[in-house]
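Combine the two chains into a complex, taking the hints into account.
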Amino acid sequence: MDSMNNPFSLSGKRILVTGASSGIGRTTAIECSRMGACLVLTGRNEERLQETLESLTGINHQILPADLTDADSTANLVERVGQLEGVVLCAGQGSVIPMKLATRQRIAPAFDVNYFAPVELVRLLLKKKCLKDGASLVFVASIGGINAFTIGNGVYGASKAALNSTMKFFALELAPKKIRCNSVCPGMVNTGMITGGAVSEEQHKADMVTYPLKRYGEPEDIAYGIIYLLSDASSWVTGHSLVIDGGVTI
Amino acid sequence: MTQEEKIALLEDTLELDGGTLKPETELSSIDEYDSMAKLSLIVLMDDECGKKLSGEQIRQFKTVQDILDFMV
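Residue numbers (this note's numbering), protein chains in the order written: chain A, -10 to 239; chain B, 16 to 87.
Some hints could be false.
[Claimed, not checked] Below, simulated PhoX-like cross-link-like pairs (lysine-lysine); rule was C-alpha separation at most 20 Å, straight line:
| hint | chain 1 | residue 1 | chain 2 | residue 2 |
| --- | --- | --- | --- | --- |
| 1 | A | K167 | A | K118 |
| 2 | A | K118 | A | K166 |
| 3 | A | K117 | A | K167 |
| 4 | A | K89 | B | K53 |
| 5 | A | K194 | B | K53 |
| 6 | A | K166 | A | K116 |
Simulated from the structure, these hints should not be mistaken for lab results.
Chain B on its own, in the form it takes in the complex (with noise of 0.2 Å):
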């Protein structure tokens, strides 16, 4: 996957706007990042990457470029 696909998706996730997310933004500043956007990142973490995201692993996350890192 590209970087752009992988915001891409991200922003799908979140229900947010195309071109919403940079690399940068910091996570706590995205009141859509919430407990319910979280559960959707594993969902697609193991289908669209097929990699076990763990709720240990989501609290080291700070900023989108820390899940695009880990979205081989």
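Looking at chain A on its own, in the form it has when it is part of the complex (with noise of 0.2 Å):
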């Protein structure tokens, strides 16, 4: 396969990766860039997306910062951020709660900005038209709440649920644009959401012999499943939940 035909390039292609400023974002950011792409990225946290551009590989990439549970915030990236071949919803947030103690009020959160904001964002640039013919959208969602279920992990499960579901919906309406929505879904990663958290050291430890692979994901096991997604490599596959987990659902 010569450079110049990979399927799996993403040379040409304009990228919004949001949750860039960390974790599974900013190594998705990273290796697209690595991979040809030119990234729009944005988070809220602008120190650390300038650390994330200045980890890309290649030129004209930007960053704007938004906040996406912000209306203003979400619109206003909308208004500037152009038009695009490709969209990975990265940013998420982890929750704990019991379901016992799960009032709407601590749900809330989890659903702000694990679903509405990611589709709030989607249906925005959709309204705006930024999103060119035969583009790729790709959501960050879970095993958690999908395949996988733990005590503590109902409200984020559920979030990410909402999602999975919510993209096969996009990806039916969005097909006669050959725009194709299709999630990735992963285990345990090794990000920042996972650690000085709800869950201890020793028992990640304890967690970890039961994965098939004996071990959690890194950040660029998923940004792997997200550019195969991105390409078009991909290009027949829309509507899917691509599980990346090491087996631990098997």
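What follows is the structure, encoded as structure tokens:
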């Protein structure tokens, strides 16, 4: 396969990545740039977005800080984002709440960030005609709430299950424009979302052993799946949830 | 919060009758102090005390007093 006709290349594609200031979003942006994409990075933390920008390969990338839970901020981003061949919805928030304590007020933040924000962003991008025909949208969902269920993960899981479901409806509605919509469903990935939280190091070590491939994921593991879904190599793939989980949900 | 209020909150979280917990009570002796109770503790610390409680910190708690000390 020569480099001129590499179907996995993202050369010539302009891609918006949310949550690009850290974790899966940051790594995805970096790996996309190495595959030739032109990146537009968004996130709330301008300093960390700048760090991501400096790690990208190539030129003509830009940062557009925004808070996607804020209507004005999101509208402002969409006004300035231009035409896109790809969007990766990585911005997300963890949540650990036993269902018996899950008041509407406690559920709301996870849904605001993990569900309402990405759905509203996509809706506005469509309304402002920012997505070119043949574009690809990739939603970062999770195995949690879809294939894997653990105590305390109910609210997070529900928000990701909702996002994954909606992805399929977007896939149907946008197919006439050849805009593909897919999700990646990661298992546990080594990012800031899992450290210093409700699960201790010891618990993580015990959990890792339950993975057939005996490790947690790295952000790159997820980024490569996202790249496939953004690229022309997945031209006949839409409405699909790509599980990337070291085999833990087998 | 007073010491009494903190203990009452803990008993409520662990679904124990009032008066069950004493500051010196060892957590390992409480059947109800299971993994779900620990997750509930994290939610309550955040809501009632505005403090982030991690899984690592929970591992350090040995007695009821340790939890009370965290709840400023």
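Against the structure, the hints come out as follows:
Taken as a hint, the K167 of chain A and K118 of chain A pair is honoured in the structure, with Cα atoms around 14 Å apart against an allowance of 20 Å. At most 20 Å may separate the alpha-carbon atoms for a hinted pair to count; K118 of chain A and K166 of chain A meet this at roughly 11 Å. With a CA separation close to 17 Å, the supplied pair K117 of chain A and K167 of chain A stays within the 20 Å bound. For the hint linking K89 of chain A to K53 of chain B, the alpha-carbon distance of about 13 Å falls within 20 Å, and the restraint holds.
The hinted pair formed by K194 of chain A and K53 of chain B meets the criterion: a straight-line CA distance of about 18 Å does not exceed 20 Å. Among the hinted pairs, K166 of chain A with K116 of chain A is consistent with the structure: their alpha-carbon atoms are about 14 Å apart, no more than 20 Å.
Hint violations for this structure: none, all hints satisfied.
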